[in-house]
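Asks: Fit chain B to the given chain A structure using the hints.
2 protein chains.
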Amino acid sequence: MRSSVATETTRTLRQALLSPRSVVIVGQSNDAGKTAGRPLKYLRQAGYAGTIYPINPRRETVLGERAWPSVAALPEVPDHAYIVTPTEGAVAAVAECGAAGVPVATILANGFAEAGEAGRAREAELRDICARTGIRLIGPSSLGVVNLRDKVLLTANAAFAEADLPVGRIFAASHSGTMIGALMSRGKARGIGFAGLVSVGNEVDLTVGEICAATLDDPDIDGYVLFLETLRGAHALQAFALAAAARHKPIIAYKLGRSSEARELAVSHTGALAGEDDVATAFLADCGIARVDTFDGLIEGLPLVARVPAARERPRKPTVGVVTTTGGGATMVVDRLAASGIAVEAPSAATLARFAAAGIDVAPARLVDLTTAGTRYDVMKPALDILLTAPEFDLILSVVGSSARFHPELAVQPIVDSRAAAKPLAAFLVPDAPQALTQLAHAGVPAFRTPEACADAIAAALRRRAPRPMVARARPSPSPWPGLSRPSTSSSGDLKKDVDGRHEAGHDRMLDELEAGVLMDRLGIARAPALAFDAALTHAPDLPFPYPVAVKALSAAIAHKTDFGGVALGVADGTALVEAARRIRTSVAERAGTRLDRVLVQPMISGIGEALIGYRVDPDVGPLVMVAAGGVMTEIYADRSLRLAPVDLPVAHEMIGEVKGLRVLAGYRGKPAGDLDALAHAIVALSRLAHDHAVAEAEINPLIVKHDGVVAVDALVRWI
Amino acid sequence: MRSSVATETTRTLRQALLSPRSVVIVGQSNDAGKTAGRPLKYLRQAGYAGTIYPINPRRETVLGERAWPSVAALPEVPDHAYIVTPTEGAVAAVAECGAAGVPVATILANGFAEAGEAGRAREAELRDICARTGIRLIGPSSLGVVNLRDKVLLTANAAFAEADLPVGRIFAASHSGTMIGALMSRGKARGIGFAGLVSVGNEVDLTVGEICAATLDDPDIDGYVLFLETLRGAHALQAFALAAAARHKPIIAYKLGRSSEARELAVSHTGALAGEDDVATAFLADCGIARVDTFDGLIEGLPLVARVPAARERPRKPTVGVVTTTGGGATMVVDRLAASGIAVEAPSAATLARFAAAGIDVAPARLVDLTTAGTRYDVMKPALDILLTAPEFDLILSVVGSSARFHPELAVQPIVDSRAAAKPLAAFLVPDAPQALTQLAHAGVPAFRTPEACADAIAAALRRRAPRPMVARARPSPSPWPGLSRPSTSSSGDLKKDVDGRHEAGHDRMLDELEAGVLMDRLGIARAPALAFDAALTHAPDLPFPYPVAVKALSAAIAHKTDFGGVALGVADGTALVEAARRIRTSVAERAGTRLDRVLVQPMISGIGEALIGYRVDPDVGPLVMVAAGGVMTEIYADRSLRLAPVDLPVAHEMIGEVKGLRVLAGYRGKPAGDLDALAHAIVALSRLAHDHAVAEAEINPLIVKHDGVVAVDALVRWI
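Protein chains in written order, with my numbering: chain A, 967 to 1686; chain B, 967 to 1686.
Bound-form chain A, shown alone (with noise of 0.2 Å):
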């Protein structure tokens, strides 16, 4: 029975939400210049019909109606209040509305999070009045929410000052009040219409992904635009992209904080700190959620990811072909999908012959340029019609020049007539041409203004795949690995074990080399041989492996044992090794500030070249994979591989393609190459820690890869 409470809850919800029948707007200002003055203004301008209770407890009329004291004096519950006041009231008035019952809240204010201590603290008072009374809230910081079918104008936002609104079935969600305005406005230029639009602000209780998967069971809602600042609610956001993907509806995302300086605002902006933002990549494209990098693209993309099928399997590299009356205008998206991975290929042999067999002339070219053949629609629509029938192609582009201006019945027709073919199709026209790209958008063929949102809308709709199912996470554990109190089974009886407790910080605890040795063997990642002995040795032991051999610092306190002298690699011989523990210990004493009680002996490994491989929970997006070629290349081109742990073998393998430093292991200029599948073997392996264990870090490097098989040479892990 959970099941129908829930969809009733959510059905509730959606309603309050956005199809209140009764609205309270908390601090409404006298003056429809002012922010506070707008609410009233924009939903009598838009003639909702529900009914509105203006409340300002100075005046007795407001904008020429009747004001009202408080909440408490109201006649009726309303469904929705929008808490126009200034921060200082703000939270009274959420609690006045939380005593009266009614079910959501939206708050313009802002000094919450992002207002330092005082601000959090009333941001704790928000948290605890929903936890009280049950209110749910929108913001802080909402500039409103807006339903556009319902004429529901809930906003202060004053592009909505507007005379036609541009009513459609996208719904779209934004951490920035602004763009909900931009949005609306630039997407009504473009003749893209919404059916709702949310400015979800702080979030302090209803997330981004929450308030989106409170409509998803609207059938008026075809998609879904998101401009986010932060991943502060993801796991409500996969939970929405899962569920959206179930039912066929496309979300397309555009994610600021692509530079460490947007991140940053992103803080003093929301008060969320932002992570890295190839985590936010890997995140969204395992939600199965279209990003793009062009604001625009944000804008016009969406009806060409609707029609790119999201596979789970990537079958190919996806494929463009082009069509174009002008070879420069076209040769500007190719230039950008290049830059972006997708490839612009020439016709088959079988295409162009059926172009020969038109009487079409075509070279066999990266483009089909129609200019020897002519800009007429006897030319356009049958190369169109062979190109949206040719199997070698995942997409067409039709990029036309200066007849879109004045004469779209040449070039632009023939796109219009295909609007129905099975193979996405999309529009780049090089002229300004506003007639044309109307006539497009309302045949809801994808048509774009600009070269770059172009090439960077289908590239976001040929990269999106089928979101990954969700993980759940088993639950820290006091023990999760009983094997972790006996030795491991490759270390000699020299073993002093007494790490434990030591490095205890918080709630996390480094292991030591051979600790996280005997979590490698449990996941079924080969290391190396490894034996512990007395930092203070005072003659060779017996190794059970030749020389040379790497001596190293075996201690949890010391993460990066080679910045304070903690390895000695190369070591010839028996009185090396001493020699090497002495210099080991004597530096470690005098670089780390701690006593040395044992160090580490293992053979000296080679192979073809190394990698890393690391696991983290991270704090938004949960646990993730990460593959790198290690050293510096890695952090000086910041050249990784990210994903949402855990991953399979493709996944793995396609991680590997993405590391560029990683080609010199793949048989780069004719060098052997390393065992590559092994390497995502290994991969595929750490990544499985997301499903057992209490680790919150892990991180294998090197890992050498040698031609037959890889070795962990080295392994840090942090518990939680």
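In case anyone wonders, no lab produced these hints; they're calculated from the structure.
We put the CB at the ideal spot given by N, CA and C, even for glycine.
Among the clues, some could well be false.
Unchecked claim - No more than 30 Å apart at the CA atoms, straight line, and that leaves these computed lysine-lysine pairs for DSSO-like:
no., chain 1, residue 1, chain 2, residue 2
1, A, K1154, B, K1154
2, B, K1637, A, K1527
3, B, K1626, A, K1637
4, A, K1283, A, K1637
5, B, K1347, A, K1007
6, B, K1527, A, K1672
7, B, K1626, A, K1672
Said to hold, decoys possible - Ranges of calculated distance between the beta carbons of each label pair, as one might list FRET restraints:
no., chain 1, residue 1, chain 2, residue 2, range
8, A, E1624, B, P1514, 38 to 44 Å
9, B, R1549, A, E1624, 35 to 41 Å
10, A, D1351, B, R1098, 47 to 53 Å
Replies: Chain B in isolation, oriented as in the chain A frame:
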């Protein structure tokens, strides 16, 4: 007297090219819907005041006017011929015009350089006619020449069926014919007008640089917009850019070919090979041309480029101040600027104090966010006044949110009223706000419609510098390096001087490593001592440096020694040296199929790290100097910095700063720093090859960067 003759020639060319008193249209069609029917129609429609002679030997009249049978039959010699006949007739038409003394002809037909052997033969014929008759040509593949002031619409571009043509003070030239229509129509939609637009086509005679140069003294032209597909006429383009800079006329360019796919298309499209993209970037930068990466940036960017002075030296990283009424909207631009290496910084303490004194509530953050202070004229205007006089900023960007749509008086009018400020000011409007954009355009404030074009144009404007003077290159001399005939001072008596002439292929000649060393000496680049020995040596030679040593194959025939097993490093003693030489001899014989006579012996040189520096004469842009980290990083990450050669020390240091892989030499993560000053001196020294020598290519790889100084360990030199 030559300069006044040249000026006279330029004036005549400009007049015939752009302001002809009479034009002839060879091949004018009677069907105005056809491409060849458009020129007469557009000229009449625009009200061209000169004489028009349509030529069509098959008709008495065309479009209701008298048709002439041939150029020879005309009553006068027209200033300019537009030849719109098909390919087959075009060459004959040019010949006829040339014979009649027509000074300039523009050719519409394609089928020349881009059309294989037959096309190249036609092109050669055109060149021959030019040389014989003195006629100057635009095209082939030219959609024509437009002078909007004089209503010269000598074009077949369909976008010029325009009622109100946007006359202005910008001159545009494009390799792509479509773009003259796209620039005009998109400019018109933005309130941006043009003096003239030329589709330069395949540049068989007049290049984009020469055509623009002809207009330089036109007092009604303020700046230039270029759409480039190749750098075919790089020398003339550079000469034009220098002359434009001297007249303070800015140039902005969009250059196709970021990707290899687009560069491949340039061949099929224009018949020109396009070089690597970073060569184009380096060339345009050294010409003082602002290169943009977005199409809207090209159209909207020139007014901003015109406002930002192009300094000769870059005093510090350029800094942008941002004032906004929307945090999210402004962050979209900041994100892009950061990716372009442009810093957006918070106001200084002094500036913040001025905000406080003015009663404007501004947090000390990277954005001056007026959300709290309020979107009002009396907030935005003083905020702009403060920022536009704050010494810490090079440029101020004002981002306006929803109010821009219906209330430009609040936050847009203050920008208009700040247009006369000494500091450059740009605006980005987040909603669709056509009225406000028009207001800004009329006020001459650079305004942008997308965050991408805005950031792109700001970065291009701030990166632009005064052009570097052109270098007159010395001609190849028969014996460019007299020193080469005698053995290097550090070489032993074992030297066999028999390399000469062996690797002579075409005009080039590879030098062997010892010969290359002589060049290093002459350039003043320190190199490792090197001794040459018979490769079949049987006993250890006396060495003036200690073991271990490096042993390398010495032969001009083997450029990449390592690929043929031609290098042994860390050779420990005399016996090992003899053995290493034997192995190298055998290996080179087996793998390169070459008898190796000599080996080179050097001490092992170690340092903090290494670099690769190179010099080459690019077929388009001429002498270039390059620095990279060397090794696979350079190739895999395409991580190198290029400049036109020669360079001075500050530029060499800039180049080093641009190579990510060289950060490890600058004291990365607390490691010791290499002598970057010595590296810069070596770059400068190598770049001087542009002055003196007939070197086609020189590469020092590796150049060992030590704590103190640099040492060339291997060099490769190719003579012209």
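Asks: Please write out, lowest number first, the hints stated earlier that are contradicted by the structure.
Replies: Those not satisfied: there are none.
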